[in-house]
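Asker: Construct the entire structure; sequences and hints are all you get.
Single-letter residue listing:
There are 2 protein chains.
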Amino acid sequence: MADLTSKLAEFAAGPLTTTLQTRIVTSLSALDWIAVGRAGADEPVSHIIRDMVLSEGGAAQAHLFGGEEAPLRAAALVNGTISHALDYDDTHFAHIGHPSVAIFPAALALAEFEDRPIVDLLEAALVGMELSIRIGLWLGRGHYQAGFHQTATAGAFGAAVAAGRILGFDVGQMRAVLGLVATRASGQKAQFGTMGKPYNAGLAASNGVEAAVLIHKGFQPNADAIEGEFGFGATHLGADDPTAALKGLGEDWLFESVSHKFHACCHGLHAALEAARDLDIAEPEVAEIKMKTHPRWMSVCNQLVPTTGLGAKFSYRTVIAMQALGYDTALPDSYSDKICQNSKLKSLRDRITVEADDSLSETQAHLSLLRRDGARREAQHDLLTPMSLSDREDRVREKASKLIGGDEADAIWSMLRTGGRAADLADRLSG
Amino acid sequence: MADLTSKLAEFAAGPLTTTLQTRIVTSLSALDWIAVGRAGADEPVSHIIRDMVLSEGGAAQAHLFGGEEAPLRAAALVNGTISHALDYDDTHFAHIGHPSVAIFPAALALAEFEDRPIVDLLEAALVGMELSIRIGLWLGRGHYQAGFHQTATAGAFGAAVAAGRILGFDVGQMRAVLGLVATRASGQKAQFGTMGKPYNAGLAASNGVEAAVLIHKGFQPNADAIEGEFGFGATHLGADDPTAALKGLGEDWLFESVSHKFHACCHGLHAALEAARDLDIAEPEVAEIKMKTHPRWMSVCNQLVPTTGLGAKFSYRTVIAMQALGYDTALPDSYSDKICQNSKLKSLRDRITVEADDSLSETQAHLSLLRRDGARREAQHDLLTPMSLSDREDRVREKASKLIGGDEADAIWSMLRTGGRAADLADRLSG
Chain A
133 MADLTSKLAE
143 FAAGPLTTTL
153 QTRIVTSLSA
163 LDWIAVGRAG
173 ADEPVSHIIR
183 DMVLSEGGAA
193 QAHLFGGEEA
203 PLRAAALVNG
213 TISHALDYDD
223 THFAHIGHPS
233 VAIFPAALAL
243 AEFEDRPIVD
253 LLEAALVGME
263 LSIRIGLWLG
273 RGHYQAGFHQ
283 TATAGAFGAA
293 VAAGRILGFD
303 VGQMRAVLGL
313 VATRASGQKA
323 QFGTMGKPYN
333 AGLAASNGVE
343 AAVLIHKGFQ
353 PNADAIEGEF
363 GFGATHLGAD
373 DPTAALKGLG
383 EDWLFESVSH
393 KFHACCHGLH
403 AALEAARDLD
413 IAEPEVAEIK
423 MKTHPRWMSV
433 CNQLVPTTGL
443 GAKFSYRTVI
453 AMQALGYDTA
463 LPDSYSDKIC
473 QNSKLKSLRD
483 RITVEADDSL
493 SETQAHLSLL
503 RRDGARREAQ
513 HDLLTPMSLS
523 DREDRVREKA
533 SKLIGGDEAD
543 AIWSMLRTGG
553 RAADLADRLS
563 G
Chain B
133 MADLTSKLAE
143 FAAGPLTTTL
153 QTRIVTSLSA
163 LDWIAVGRAG
173 ADEPVSHIIR
183 DMVLSEGGAA
193 QAHLFGGEEA
203 PLRAAALVNG
213 TISHALDYDD
223 THFAHIGHPS
233 VAIFPAALAL
243 AEFEDRPIVD
253 LLEAALVGME
263 LSIRIGLWLG
273 RGHYQAGFHQ
283 TATAGAFGAA
293 VAAGRILGFD
303 VGQMRAVLGL
313 VATRASGQKA
323 QFGTMGKPYN
333 AGLAASNGVE
343 AAVLIHKGFQ
353 PNADAIEGEF
363 GFGATHLGAD
373 DPTAALKGLG
383 EDWLFESVSH
393 KFHACCHGLH
403 AALEAARDLD
413 IAEPEVAEIK
423 MKTHPRWMSV
433 CNQLVPTTGL
443 GAKFSYRTVI
453 AMQALGYDTA
463 LPDSYSDKIC
473 QNSKLKSLRD
483 RITVEADDSL
493 SETQAHLSLL
503 RRDGARREAQ
513 HDLLTPMSLS
523 DREDRVREKA
533 SKLIGGDEAD
543 AIWSMLRTGG
553 RAADLADRLS
563 G
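Chains as they are written, first to last, in the working numbering: chain A, 133 to 563; chain B, 133 to 563.
Misleading hints may appear alongside valid ones.
If chains are identical, the list can't say which one is meant, so a pair holds when it fits in one copy or spans any two.
Listed below are the simulated EDC-like cross-link pairs for lysine to aspartate or glutamate, each with C-alpha atoms no more than 16 Å apart in a straight line [to be verified]:
1. K478 - D490
2. K424 - E510
3. K534 - D514
4. K349 - E175
5. K476 - E417
6. K476 - E415
7. K349 - D183
8. K349 - E525
Because the hints were derived from the structure by calculation, they are not lab data.
Answerer: In structure tokens, the structure reads:
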């Protein structure tokens with residue numbers, strides 16, 4: 133019984149019903165993806181993956197972050213890896229994955245090569261991201277907790293379908309591409325904290341492109357390789373009841389609740405930084421700050437006295453002090469070894485305490501500020517609180533402006549909202 | 133505790149102790165791999181995978197079966213897929229996998245590109261095949277029965293190490309390449325019976341090459357991603373006691389018991405064909421033949437009256453009749469739709485009966501021939517019975533001669549045994 137595969141394939145090949153909100157959120161994810169990819173193009177893993185691909189040569193089929201072009205599969209591998217290198221891209225909490233870094237590299241490579249309009253690219257990416265979230269939901273927490281990286285595994289299915297949509301696949305081809313990518317999808321959580329994590333996003337994108345190109349050329353796989361006794365779900369410790377994953381498919385866009393990162397540090401710090409933002413803390417007025425967070429984060433991102441930029445990205449006290457001192461936590465370069473030695477920062481940091489509070493959820497944080505004038509102000513933030521569409525647009529565009537400059541961010545946003553060719557958008561993957 | 137990884141890495145990077153037998157069996161596997169790859173180059177899946185890779189262009193780094201050249205990763209993908217297209221390559225029963233099709237494409241691509249001698253190629257391939265068998269043993273029957281294709285999964289680790297050996301990896305790099313390929317290795321048994329099966333062999337080879345090239349360029353993965361709670365073994369339902377997999381490592385070559393196929397049909401038929409060969413059956417003298425096989429094969433390869441060439445490859449009665457009539461069961465082309473309609477074959481086939489016998493193992497078959505003169509002759513064959521080295525050489529070279537012609541087979545054998553450059557050998561991947 134391949135009910136899940138059939139329904140997903142029908143969705144992926146069929147007409148779409150979207151709202152303005154769906155389309156704007158998709159465009160914001162595209163802008164965010166390009167901005168974090170450009171910002172990550174100089175990371176060590178980015179140079180390694182580009183070097184490998186460029187040493188192979190090949191047809192100039194699709195642009196790469198950092199400049200130059202490569203064949204489709206190679207471009208997807210490179211752009212997926214680079215755009216996840218800073219771990220600054222969007223997240224979907226329902227399936228515990230990063231949708232854009234797995235899907236956009238696949239959709240854009242094909243759309244550029246096939247010379248399709250941007251509107252088609254966005255539609256294909258939306259379908260792919262939605263499908264990756266729903267496959268991710270089906271694979272479930274068990275799959276993730278066992279050790280699979282949902283971004284890579286569920287992402288490959290979404291990337292395959294996004295690429296297939298650009299290629300005009302019918303329902304049968306969508307079933308086939310889902311079946312084929314099931315034998316190729318992979319990615320371990322064991323790689324977290326290493327270059328292997330962003331590489332996993334590249335795998336998802338390139339596995340999807342490869343599967344779609346092969347199906348386009350007539351490859352005949354087992355189209356029923358996701359469900360059933362020997363299907364991907366069973367072998368990869370995923371759940372097998374598709375009810376939740378299929379609920380509202382084609383009507384409700386789970387993708388719309390994607391969460392963008394507005395700080396270039398560990399996600400566990402973001403609720404606290406948003407609460408600090410609400411309080412609009414300025415260092416001179418701070419007597420002390422007490423912070424509460426969900427207990428699971430205490431071992432992840434509560435480094436008390438980090439000495440490196442990387443350590444700072446996992447330190448509540450450091451990032452709150454940075455923000456109060458006017459350092460921009462949205463910029464990756466703000467997290468430096470040097471800032472860890474800044475005397476003002478060290479002094480303020482000593483006035484900040486962090487406590488676990490199991491009444492808070494993993495996406496919540498609570499801040500209590502005691503001012504020098506004796507006044508106490510409090511704020512609590514939950515990352516799951518929906519943002520208004522206009523706030524979201526403001527924040528994502530502001531982040532993109534910081535990462536790649538206002539003119540570039542505005543130009544890309546204009547292309548995404550007013551149309552044009554995917555190839556012109558691809559040309560913006562480097563500055 | 134990464135004891136398995138460490139010991140495998142030390143083995144893979146260290147000096148080797150081999151015997152003449154080890155080296156000859158390795159060379160025979162190389163010859164067999166080239167012969168079945170060349171014979172498979174016109175299969176539909178072979179054209180599809182070549183078309184994809186050739187449409188990407190790229191540097192002429194390594195030769196392809198069927199002619200032309202491609203970059204390293206692409207060549208490994210193509211040659212792995214094509215050489216498994218006929219399912220006529222070697223098998224290792226201890227780990228239920230096909231060693232040569234996963235490893236040689238990786239080792240040869242690197243050895244050609246690095247312009248290394250054939251002796252280095254053979255040594256790297258031997259190390260890779262041995263390691264894939266030992267990882268396969270560790271992953272075990274549970275892994276295979278759950279639905280993973282050992283050729284693809286265990287094969288990727290072997291391919292990575294073979295490629296790494298050509299690149300001169302030290303122990304640390306070998307640990308790293310094993311850790312990196314753990315996030316990339318994949319392949320479902322659900323693809324059996326489709327183009328996805330040979331593709332899985334291509335995945336193993338190209339995943340290994342990609343991992344080795346990246347490590348060579350300085351990629352830093354989690355080098356402990358095979359063992360432990362979130363390692364490949366745990367996530368992929370493999371066993372975690374490495375004792376059996378490590379037993380005799382570096383002293384005993386499990387690879388030496390690799391089994392070559394001498395008939396271009398389902399492996400379940402081979403013991404019966406070998407028994408028939410021992411009886412030297414000729415059709416005119418046959419009154420009746422009674423055959424016994426292990427019960428599991430009855431549902432796999434006992435098609436009674438097949439009407440297609442593919443069906444003939446899964447029919448005891450048909451292949452025994454073919455052999456008695458002088459058709460060469462070693463040639464893929466012998467299994468045709470037309471032969472299924474041959475009146476002599478149909479008449480003889482009606483005099484053959486097949487029975488299940490659970491006193492036989494899966495690798496055994498028993499034949500009882502009643503001659504027209506009333507004499508009865510019997511023969512039993514077990515595929516696990518070791519062949520003498522000279523018999524094995526004769527049979528493999530005979531098979532290769534049938535597939536690619538005697539002159540080509542002899543020339544390749546001479547190169548494998550007397551040396552030369554890997555690039556010259558690679559030049560023989562097409563006729």
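Asker: A separate judgement is required for each hint: does it hold in the structure or not?
Answerer: Hints versus structure:
Taking the shortest Cα distances, K478 and D490 never come within 16 Å of each other, neither inside one copy (28 Å) nor across copies (77 Å). With identical chains, the CA atoms of K424 and E510 are at most 16 Å apart within one copy only, with a shortest distance of 11 Å there and 82 Å across copies. Proximity of K534 and D514 under a CA criterion of 16 Å is satisfied in neither setting, with 24 Å inside one chain copy and 71 Å between copies. In this homomeric assembly, K349 and E175 come within 16 Å of each other (Cα to Cα) only across copies, at 14 Å, whereas the closest approach inside a single copy is 35 Å.
For the identical chains of this complex, K476 and E417 are intra-copy neighbours only, at 13 Å inside a copy versus 102 Å across copies, given an alpha-carbon limit of 16 Å. For the homomeric pair K476 and E415, the shortest alpha-carbon distance inside one copy (9 Å) is at most 16 Å, but the shortest distance between copies (97 Å) is not. When the C-alpha separation of K349 and D183 is checked against a cutoff of 16 Å, the pair qualifies only between copies, where the shortest distance is 8 Å, while the shortest distance within a copy is 29 Å. For the identical chains of this complex, K349 and E525 are neighbours neither inside a copy (40 Å) nor across copies (39 Å), given an alpha-carbon limit of 16 Å.
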